[in-house]
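J.: Sequence:
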Amino acid sequence: MRDLLRSARLSLSLLLGRRLVLFAVIDALVVGYLLLQMLLNSEGDAGDIYRYAFLLPSLLLALPALAGLVDLERRAGCLDLALSAPAAEAYFLRRAGAVCAVIAVQGCLVMIPSWILSDFGFPLLAPLIQIVVISLFLATVSLFWAVRLRTSGAVWLASAVTVAAMSPWFFTNPIPDRLKAHYGSLLPGAEESLPWLRSLAILAVGAALFYLYARRRLRRPERMLS
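Numbered according to my numbering, the sequence shown terminates at residue 227, and the numbering increases by one at each position without gaps.
These aren't lab readings, by the way, just hints derived from the structure by calculation. A hint or two may mislead.
Okay, the calculated beta carbon distance ranges per label pair [claimed, not checked]: (1) Leu213 <-> Ala161: 31 to 39 angstroms; (2) Pro114 <-> Arg220: 41 to 49 angstroms; (3) Ala29 <-> Arg149: 28 to 36 angstroms; (4) Leu158 <-> Asp120: 38 to 46 angstroms; (5) Ala166 <-> Val22: 13 to 21 angstroms.
Every residue gets a Cβ at the ideal spot worked out from N, C-alpha and C, and that includes glycine.
Generate coordinates for the entire structure from the input sequences, incorporating the hints supplied.
T.: Shown next, in the form of structure tokens:
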């Protein structure tokens, strides 16, 4: 576990450089404010917590961070060396995985206390599963564009447009309205689960496709260098 955390920290440091502290401070302010709101108002809407504690930081912080997955090597002029290494694919996947893991863990760590403070007032597993799938989706979309476009700005813009195109499923609220739906403490009811499961399946398939195409590109370094 210690080696895993160290690897994630190094990956984030390489990816963000001096911006890492700025990103961490902004993220801490957003999450800290939400935690304070949770403590002051235990009857708050769990859907709002999901949106502002996970979706908002993911779009404002994680997506720009992921845009630089390959940009460091491009700017340094050593992309050919990085791609010729035996574990080149894993090298870039670790960077995407580090950001993906941070936003997923943060989202889960915020949702679980919220669930407890609300006296188990919403189905916990639905937002947790959605958080993991969306984290993977953002990472794979960014990797897909990072191995094709030459600047981090272009990668960020293309990733944002992709998210916008997938918005009907990306922004689906996994937590049903407590006044209009029946659900247990872990999962929504069968009827309420159908829209969420449909969106989840579309995002999961999209993440898998983006990953496979990005992986194929990484295995053909001459196409990235041309």
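J.: Of the hints stated earlier, which fail here?
T.: 1 and 5
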